[in-house]
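Chains A and B are the protein sequences, given in the same order.
Each residue of the first sequence is one higher than the one before, counting from 1 in this note's numbering.
Each residue of the second sequence is one higher than the one before, counting from 274 in this note's numbering.
No lab work stands behind these hints, which were simulated from the structure alone.
C-beta atoms are modelled at their ideal positions from N, C-alpha and C, and glycine is treated no differently.
It cannot be assumed that every hint is accurate.
Computed list of lysine to aspartate or glutamate pairs in EDC-like fashion (alpha-carbon distance at most 20 angstroms, straight line) [what the hints assert, rightly or not]: (1) B:Lys549 / A:Glu86; (2) A:Lys160 / B:Asp578; (3) A:Lys160 / A:Glu175; (4) B:Lys549 / B:Glu688; (5) B:Lys623 / B:Glu688; (6) A:Lys160 / B:Glu307; (7) B:Lys549 / A:Glu175; (8) A:Lys160 / B:Asp521; (9) A:Lys160 / B:Asp563; (10) B:Lys549 / B:Asp521.
A partial selection of chain A residues facing chain B, derived with a Cβ cut-off under 10 angstroms [said to hold, decoys possible]: (11) Gly9; (12) Glu158; (13) Lys160; (14) Phe164; (15) Gln169; (16) Phe171; (17) Pro173; (18) Glu175; (19) Leu177; (20) Gln179; (21) Gly241; (22) Arg242.
Label pairs and their in silico Cβ distance ranges [what the hints assert, rightly or not]: (23) A:Thr193 / B:Gly482: 20 to 28 angstroms; (24) A:Gln166 / B:Glu603: 30 to 38 angstroms; (25) B:Gly434 / A:Gly35: 25 to 33 angstroms; (26) A:Ser60 / B:Ala565: 58 to 66 angstroms.
As a plain string of letters, each chain reads:
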Amino acid sequence: MSWARPVSGVIVTLHLVALALYGLATALTLAPFMGFRPAPRVLTIAIPCAGAAVHVVAVSQLTLVGLGPALSMLALCLVLLQLASERLLRGSAVSFFAAPLATGLVGLALLSGLAPGAETVGARNTWFVLHVALSALGLALMALAFIAAALYLLQFRELKARRFGQIFQLFPPLERLDQLNRVALVAGFPALTLGVLLALGYGAQFSGGLHVAKAQLVWGIFTWVVLGWAVWVRVVRHWAGRRAALASIAGFGAVLLVYVALKLTQPGAERFL
Amino acid sequence: MTTGHMEMGIKVVGVNHRTAPLDVRERFAHGAHEVPGALARVMAAGASGGVLLSTCNRTEFYLVADDEPALEAVWSLLGERLSSTPSGGAREYGYIARDRDAVRHLYRVSSGLDSIILGESQIQGQVREAWEASRAQAGPVLHRLFQTALHVGSRVRTETGLGMGTASAASAGVAVAGKIFGDLAGRRALILGAGDMAELAATCLSDQGVQITLVANRTQERARAIAERLGGKAVSLDEAWPHFATTDIALCSTAAPHAVVTWERVGTIIGARRGKPLCILDLAMPRDVDPAIAQLENVFLYDVDDLQTVAAQATARRRDEIPAAERIVEDETDLFWAWYGGLGVVPTIKELRARMDDVRATEVERVLRQLDHLSPADRAQVEQFSQALLNKFLHQPTIALKKAAEEGRGYGLLEAVRRLFGMEPPA
Chain A
1 MSWARPVSGV
11 IVTLHLVALA
21 LYGLATALTL
31 APFMGFRPAP
41 RVLTIAIPCA
51 GAAVHVVAVS
61 QLTLVGLGPA
71 LSMLALCLVL
81 LQLASERLLR
91 GSAVSFFAAP
101 LATGLVGLAL
111 LSGLAPGAET
121 VGARNTWFVL
131 HVALSALGLA
141 LMALAFIAAA
151 LYLLQFRELK
161 ARRFGQIFQL
171 FPPLERLDQL
181 NRVALVAGFP
191 ALTLGVLLAL
201 GYGAQFSGGL
211 HVAKAQLVWG
221 IFTWVVLGWA
231 VWVRVVRHWA
241 GRRAALASIA
251 GFGAVLLVYV
261 ALKLTQPGAE
271 RFL
Chain B
274 MTTGHMEMGI
284 KVVGVNHRTA
294 PLDVRERFAH
304 GAHEVPGALA
314 RVMAAGASGG
324 VLLSTCNRTE
334 FYLVADDEPA
344 LEAVWSLLGE
354 RLSSTPSGGA
364 REYGYIARDR
374 DAVRHLYRVS
384 SGLDSIILGE
394 SQIQGQVREA
404 WEASRAQAGP
414 VLHRLFQTAL
424 HVGSRVRTET
434 GLGMGTASAA
444 SAGVAVAGKI
454 FGDLAGRRAL
464 ILGAGDMAEL
474 AATCLSDQGV
484 QITLVANRTQ
494 ERARAIAERL
504 GGKAVSLDEA
514 WPHFATTDIA
524 LCSTAAPHAV
534 VTWERVGTII
544 GARRGKPLCI
554 LDLAMPRDVD
564 PAIAQLENVF
574 LYDVDDLQTV
584 AAQATARRRD
594 EIPAAERIVE
604 DETDLFWAWY
614 GGLGVVPTIK
624 ELRARMDDVR
634 ATEVERVLRQ
644 LDHLSPADRA
654 QVEQFSQALL
664 NKFLHQPTIA
674 LKKAAEEGRG
684 YGLLEAVRRL
694 FGMEPPA
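The shape of chain B in the complex, shown without the other chains (with noise of 0.2 angstroms):
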């Protein structure tokens, strides 16, 4: 994925679901409150501009920056989340995309293409999510990069049938669970968290006739929304553990830092089950449920990881429309190479000529007020050889600045002359 250039352009540097294991991703998730942090340390370090998109399945840093220092920053600042310091850091489960790899490897993420469910749809949320909790540090090469792979996102999804059919972790929960129990219509549940996803999931386990018993989350407000919706009841998480001896389901999806649902806190009162199946899903990211817990004998436990395998298998039909998929991709990615690669060569050409022909006309004219004695034609052949001159000069500067254009390094060399003639940056 990478070409080598050492330029200002643009970059992406992170781990997914191929390159990392859930718990090393888990340690490099960003939540919303960390990003603007994040992004400033590694803005610090020479980045332009930058969005950093954090998933459970993927942290990435999209850059405008030199390879380094900026990138350097990048794996110190996922390097610090490790507990135990691999040899090569955390570029060990990491991975560089350069210019238009970077920007194809965004229109993939935004389509789903580079999701573990092909197609997932939940992708395109958190794209938006990224880009607006970075608003204020992504810059403009990249909130038009962002924009476009919504775009991206959104013409895949219709112009296409990769998003077709059911195949979200959500879902995915819900057969793992009808594997336990068969018949879903009429087992207990019980929701941890109420945030966007646990909604989702609670929502396709009621409409399989799973009874939603209770909601449990840390502040109440949210989860009487909905347990009201639903036909459960809203309680505190403390008040959920006992619930454990009977409900046949638990779903979890709290946005806690650290597990809930611990050996402690429901160990005992699982274990006086008498045996009867437990389907815990855990959603979480961070996992919410302790995985010492998946040791008692009928218990069931499954996170992300395993729902979104599970989820993968169901979509193996989406994968016919994959080539359909990438067409789009690399046709929008040759789009925004083409905006890119020649971003303000043209007005930057003209205001560097419109400002070095003040400069030589300024001082042509101080020149030839001390040359009193030229004459006219004599003056005219000053202000020729002036002219002339000056086109040698800038007949390079134009000459490299549209070839770069051309080949899609113009943002990043326009930058450099932009700062060299003391232009104002681009807008």
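With the rest of the complex left out, here is chain A (with noise of 0.2 angstroms):
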């Protein structure tokens, strides 16, 4: 049993690396609406391409268990969406609201401390790793969701005003990011329900190995709810367009604000919550 074991140097490192190729991916992303001429379009892939690569290799060396190392898995599996998401929008879009993102959230994790957290019983467990992967990959689709429904209404706002300045030109089209925020949150949906039955699973099968916080349980079905809803209402009720990109970022929103609202009542980097 180890109980706040140090991280190790390299773990560190790398993350140091990942960040600054994140960083500087962010900065090449943003350039165009500072003034500066676009860069080229390898160059913003391959940066966040080896930053990911990194990224990979960091994260397989964590143990996952805590706020520094879920916040890194979620940044991680952003990065990983982005670079998909891309390829379907053929443009770079998502990365205005993903690599910034991404890369506050590596920052996030590094000053969080990449250590585990309290307890590491089980935390190398494949149900356990599961759980976390799928349920961070279930947070980043939310996540994309959100980012793709910003873009869709920034450009939307563009496009009623006709207006025809750099969010006109860089950002992708209307249905495309509509498109975009459906696949992220029907792909989503079950990735979070997978990541909450793995939990349950795990819970069953190593009862007492990690302490499930009350809070970590509200926010987890809160979640799991909000994305529900989500689904719902574009699957369901056929909501699209403008009406569903408000829905994605009121639920993404209201996430974060529960997250918020919970962590500032249970201080300490112990857990991810």
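Relying on the hints, combine the two individually framed chains into one complex.
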């Protein structure tokens, strides 16, 4: 049994390298909005790819318990989804939000410490790793849906207002963003559901191995319900376009707010919550 | 753009996309049927030649006239079209260019250098149409000016890259629709109007895989021709309104003098689309679509100004060609000015001298008949004296004409000389 085991220098170094690469990718992404020439597309893809590669190595060595490792995992999922969605959208618009968000998450992970939280018994168990990975993927997909929704609303506003500036030029078409929002939600819900189910299965098999706080349970279920609602209004109620985008943003905002509220009432980095 | 000459010369008076907003330009726009009447009015005020160029971006009177009152007549004519007259009248939105500046202006216009969409080619046809519509009133100078303007436009397009790429309002419409729908293949479009612009824009959409379902027009014959070519169905305008419930793109380019796509006609129909986006491209001048329609949440309405703004962004690389195009314009302006400056001066001077010499000879002969006693030597003296006197009299007018020709003001002065001495107007 290890308790507050110090994290290896390699993991921190790899995270710092990933952070630098994500930071550089963010700067390249935002350059056109600051009046600079857009960077060559090969660079805007290669740099986050390199960052993700380094990040994968770093995460593979992490014990996925605690706030820092959870944030790192979430950032990695987000970057991987960003790269995948750029292929779908044939543009780099998602990175306008995803790149700074991933950079911020890695930075936060480093600040809050990458050492595992209090208990690590069973933390290397496949069910647990899968639970964390799928939950992080579900959350990252929810974040991607939020990003697509935000891009949609910004592009929508520009198109309605007949402004043809950088947003009009650089952001993808409305229908493609709407499609990305739908795909992210529809893929995110089963991922998060599996993550929750795996947590339940893990709990049943290794009862007493990892302590699950009530706040964690409340937030996990709340997130699952919100994501389920967002999928329901899209798939069953056929919401689309601006209304669906607003729903995604409201849902993600609520999840974030509840997280912050719970975190404030139960501070500490031992667990992700 | 002014030089301050007050005699008869080439002038351009008008408004364009830089000086007047769309709703003002709409009011100043003249249909082909209105051109002769408008020009007749300006010419009645003293212009000796006139061409009216009226497009969606500009309404310009090209005149051979004195500054006043012909220019005043233009402002008055345009001012009558304003619903609320600003303090400066129509001239608040306009400009005047004179002489060489006016020539350069037209050459820049016909080259596409003065267009919102840099280097766009449509203006070349519009200059030709304006010239042809005003042929009866243009007069020799403006005939020559417009003829050469078309030549300059062709030179710029063939000798520089100013016209490269697609940067028309129609292609901008495709780009905007693409920002709404992404892939346009399989989208449905209905076309209102069957003019050249409607056909051009419909072709652009069709090239992107858009399915042209309907072509609606007041007269069915032309609509049928376009519909057959693009695979749609020709209908009347009234039959088109229900289709606003299902179409993805509505392209409007009728010649109607007022909005035809109104809230009353399509508001409820579009409202029933359940949030499905509708892209309306209004390429008409005056606009076909009531701007209130854009208030519907999922309606994206774009008029000519919007699309030209988009197209203008796509023409950034054409900017590199501006210096080469401007050089051609300048060279051609020099050539025209040389022609205009010397226009008829030499023949006029010759004719003037011949006329005066006839008068002199007749008078000398009459005097000498009465002076029989003069010796042949004295007669020769009288003859010589009369010729010297004539030369003295004609010296100053000849010098003034040549100087005016060198300065490009020959035409105005020549006309004055011809009037004063009762000669035929220059050909």
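Taking 10 angstroms as the limit, does the beta-carbon of A:Gly9 come near enough to a beta-carbon in chain B? violated (47 angstroms)
Can you tell me whether the CB distance of A:Thr193 to B:Gly482 sits inside 20 to 28 angstroms? About 39 angstroms separates the Cβ atoms of A:Thr193 and B:Gly482, which means 20 to 28 angstroms is violated.
Taking 20 angstroms as the top limit, are the C-alpha atoms of A:Lys160 and B:Asp563 close enough? Roughly 15 angstroms separates the two Cα atoms, so the pair holds.
For the restraint on A:Glu175, tell me whether the closest CB of chain B is nearer than 10 angstroms. Status holds, d = 5 angstroms.
Given A:Leu177 as an interface hint, is the shortest Cβ-Cβ distance to chain B below 10 angstroms? Because about 9 angstroms separates A:Leu177 from the closest Cβ in chain B, which is inside the 10 angstroms limit, the hint holds.
Does the Cβ-Cβ separation between A:Gln166 and B:Glu603 fall within 30 to 38 angstroms? holds (36 angstroms)
Given the hinted pair B:Lys549 and A:Glu86, is their Cα-Cα distance within 20 angstroms? Violated. B:Lys549 to A:Glu86 sits at ~25 angstroms, over the 20 angstroms cutoff.
Please check whether A:Ser60 and B:Ala565 have a Cβ separation lying inside 58 to 66 angstroms. Given about 59 angstroms between the Cβ atoms, the range holds.
Given the hinted pair B:Lys549 and B:Asp521, is their alpha-carbon gap at most 20 angstroms? Distance ~8 angstroms between B:Lys549 and B:Asp521 Cα, so the pair holds.
Cut-off 10 angstroms, beta-carbon criterion: hint that A:Lys160 touches chain B: Check passed: Cβ of A:Lys160 comes within 7 angstroms of chain B, closer than 10 angstroms.
So if I understand the rule, the pair passes when the alpha-carbon distance is 20 angstroms or less; does A:Lys160 with B:Asp521 pass? Given pair A:Lys160, B:Asp521 holds - Cα atoms ~16 angstroms apart, limit 20 angstroms.
What's the verdict on B:Lys549 and A:Glu175, does the C-alpha distance respect the 20 angstroms limit or exceed it? Roughly 10 angstroms separates the two Cα atoms, so the pair holds.
Hints 1, 4, 6, 11 and 23, counting from the list given before, are not met by this structure.
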